[in-house]
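Participant: Listed below are the residues making up each chain.
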Amino acid sequence: MSALTLTLKYQPAQRVDMSPLTCNKLNGLNQAEIAALTLQNGKAKIRVAELFEISGDDSQNIVIKNSFEKLDFIGKELDGGNITIEGDAGAYCGISMKAGTITVNGNAGIFAACEMKKGFLTINGNTGDFLGGALPGNKMGMKGGMILVKGNAGERVGDHLRRGVILIEGNAGDYCGSRMTAGTIAVMGQVGKHLGYAMRRGTLLLWQQPKLPATFNDCGTHTLAFLPLLFASFKSLNSKFADSTAVFNRVQRFGGDMAEMGRGEVLVRI
Amino acid sequence: MIINGVTIDATFAEAFPMKATRAIITAQNEKWAMISAQAMTGFATSVIACGCEAGIERTLSPEETPDGRPGVAILIFAMGGKGLAKQLETRAGQCVLTSPTSALFAGIDSDKPIPLGKNLRYFGDGFQISKLIGGKRYWRVPVMDGEFLTEATTGQVDAVGGGNFLVLAQSQPQALAACEAAIEEMRKIPNVIMPFPGGVVRSGSKVGSKYKSLGASTNDAFCPTLKGITKTDLSADIESVMEIVIDGLTKEDIDKAMRVGMQAVCALGAKSGIKRISAGNYGGKLGPFHFHLQEILA
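Chains as they are written, first to last, in our numbering: chain A, 239 to 508; chain B, 757 to 1054.
Hints listed in this document are in silico derivations from the structure and should not be mistaken for laboratory results. In this text the structure is predicted, and so the values were computed from the model without any measurement. Careful: at least some of the hints might be erroneous.
[What the hints assert, rightly or not] Some chain A residues near chain B, calculated using beta-carbon distances under 10 Å: (1) Leu246; (2) Lys247; (3) Ala251; (4) Arg401; (5) Gly421; (6) Thr441; (7) Arg501.
The beta carbon of each residue, even a glycine, is placed where N, CA and C say it ideally should be.
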């Protein structure tokens, strides 16, 4: 069986809701049935066959070719299987995914992996705001799984993060880790302003010294035993995080946000 | 059966089903991991009065431990799952949490998890931090030397307790030397512990007593000083008897340990004063696991 490949024929002017095209929803459907499915395209409905050339038959391995930034909701509620996106992904890529893997070989839009429950999302380019965050009005962001971003991330990374790991090889924007309830965000590059804003618990692991808000207090330098375990769990990744030179266990620990419950921590490599 | 002048009795050791778990203690160096492990497995020779039987299985190199530090693997055995969980938690709390630089990890997987550090986290008084790493939950508890890192749970497995054999010798030093040789070999076998002091017990017991309050009392049939006044199992030339008790995760593990132990005793042979090897049982009516000495050495 070869991967089910959806090659975009042209770039529509309006955004496309790709949520019907996940491994679990396409399981058991043949090419003709998949071609007949309809997608929301702006205010209109459009048949899959009108938008994509379809080849292959393994619906547990989906490849989306020629993807661009208006293909939204790719891998929504994905519950197993693999989706590979050749090109950019739109907004809400991997939203509420429950299992499986999504690989974006390009950039991803806003709200990538927001409210994700489990699984693994790799973004080989950059991503927009609210990575792993909560939808507006919701109180819980990502609840499990792992996100790896090889480029830069926008603002509000891990907003309301509840559980899970977000790894960013590049930079993260303002309000990184805002309103975190728990979980781990690791950033190798620079972070923006208002780091850990209203953070309750959780860990922000940084390679570069950030400009911290006044509501984070210095707890001193420490050797933390959990860090080698955390890094060991990254070993299988195709990432700088798996590099043995990235491993450390000596950190400067800052506690905060003291304007909130103050049980969060910012750990900075020393 | 006679091996190197040592008579192997045509008898068997009788053992019982138990519940067991393994934990891994690590520390800054092996010295402190061992100190913590020794404390955790202290006063754990017999379930009769200690609540559990525990021992050090082996030391672990940094490559073998979850956090890359030197460590020690310990095994704990109890008659039931509840008792095991209670003993594990109490001992972890008093002997590992308290021990400088220590960390505590699960040493065995099973579909029946029991709390390891799950409840010890409350010592953190709200400052404890949970981390879910690779599907396993860990707790970071702030303590005065830094942080105590512990895995939340470990596995509980079915196990076997009470495998044993008796070494009958011409003198006390000879009996002890033979047992020491046996223990040295048996400690190389994984999945077993010999829970008594140094692995050797000199006060083997029988079921029952003339005193109503006691369920067990001295095994007078094997007490050399009583040879003339009780129904003895000893010949005139035997002056000392010592026992090695083995708990293992499976019957096969105990088989292996008994084999290498008895072989070490036999290697010393009659010229070293070793006359017989026997075993303790209850007529085969109480324990479902029978370890026939001659079959093991065949």
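Participant: So which of those numbered hints doesn't the model satisfy?
Facilitator: Of the numbered hints, 1, 2, 3 do not hold.
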